[in-house]
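Undergrad: So you can see what is in the structure, the chains are spelled out below.
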Amino acid sequence: SQTIHQWPATLVQPVGSPLSLECTVEGTSNPNLYWYRQAAGRGLQLLFYSVGIGQISSEVPQNLSASRPQDRQFILSSKKLLLSDSGFYLCAWRVKPGLHNEQFFGPGTRLTVL
Amino acid sequence: AQTVTQSQPEMSVQEAETVTLSCTYDTSENNYYLFWYKQPPSRQMILVIRQEAYKQQNATENRFSVNFQKAAKSFSLKISDSQLGDTAMYFCAFSSFPNSGYALNFGKGTSLLVTP
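Residue numbers (our numbering), protein chains in the order written: chain C, 1 to 114; chain A, 1 to 116.
Worth flagging that the hints you see were computed from the coordinates, not collected in a lab.
These numbers were taken from a predicted model, which means no experiment stands behind them.
Treat the hints with care, as some may be off.
Mimicking DSSO-like on lysine-lysine, the simulated pairs with C-alpha atoms at most 30 Å apart in a straight line are [unchecked claim]:
1. C/Lys96 <-> A/Lys55
2. A/Lys108 <-> A/Lys70
3. C/Lys80 <-> A/Lys108
4. C/Lys80 <-> A/Lys73
5. A/Lys73 <-> A/Lys55
6. C/Lys96 <-> A/Lys70
7. A/Lys55 <-> A/Lys70
8. C/Lys96 <-> A/Lys108
The whole structure should be built from the sequences, with the hints applied where relevant.
TA: Dropping the structure here:
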């Protein structure tokens, strides 16, 4: 069976500090991978998606970046965090090609920037 | 761009009763998928039900069913025999292919409270 891991679960960082969130998927190969952010009381906003190793597409211009160094590893980074980067970050994967097109989500990382 | 609208920020229902959550969407595409995801207090996103736009039959998963009206671009979720464990945020989501790598567009969610 497939599983998706995210770490850390919780993170408190000062403004201006760097960020690295990691997501790994097990039990599947060549998935589509996604990073979403959920601000307080709001829906999920797509940040990045990847259809393969080294292939990253950005949906929202910001100070965040993403990388996919391995098939089942997706990393979200920042060189300097802003207060507005606080939120709940969710990684998701999807089978390619997917029969039903649904995505499966990791447990998320709660990021607080102070 | 596709948009998803959930017009009910909060709803409440008594245990064992039935509740319907509303969702409308806007798209010019003909082929797409619609989903309802549940996010309990643990914040884990859980797929509740999915609907393929090319299927006329409404999807059903145990106590959960949808009313899919393609012409009206409406996709409501009905929860029957509500249980306390159904308390959660419910998100309606839209996906078309292959825009944005099949990423999901989410509504802002409906917070559902099931009371004893």
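Undergrad: Looking back at the hints listed earlier, which ones does the structure fail to meet?
TA: The structure conflicts with hint 4 only, although it agrees with all the remaining ones.
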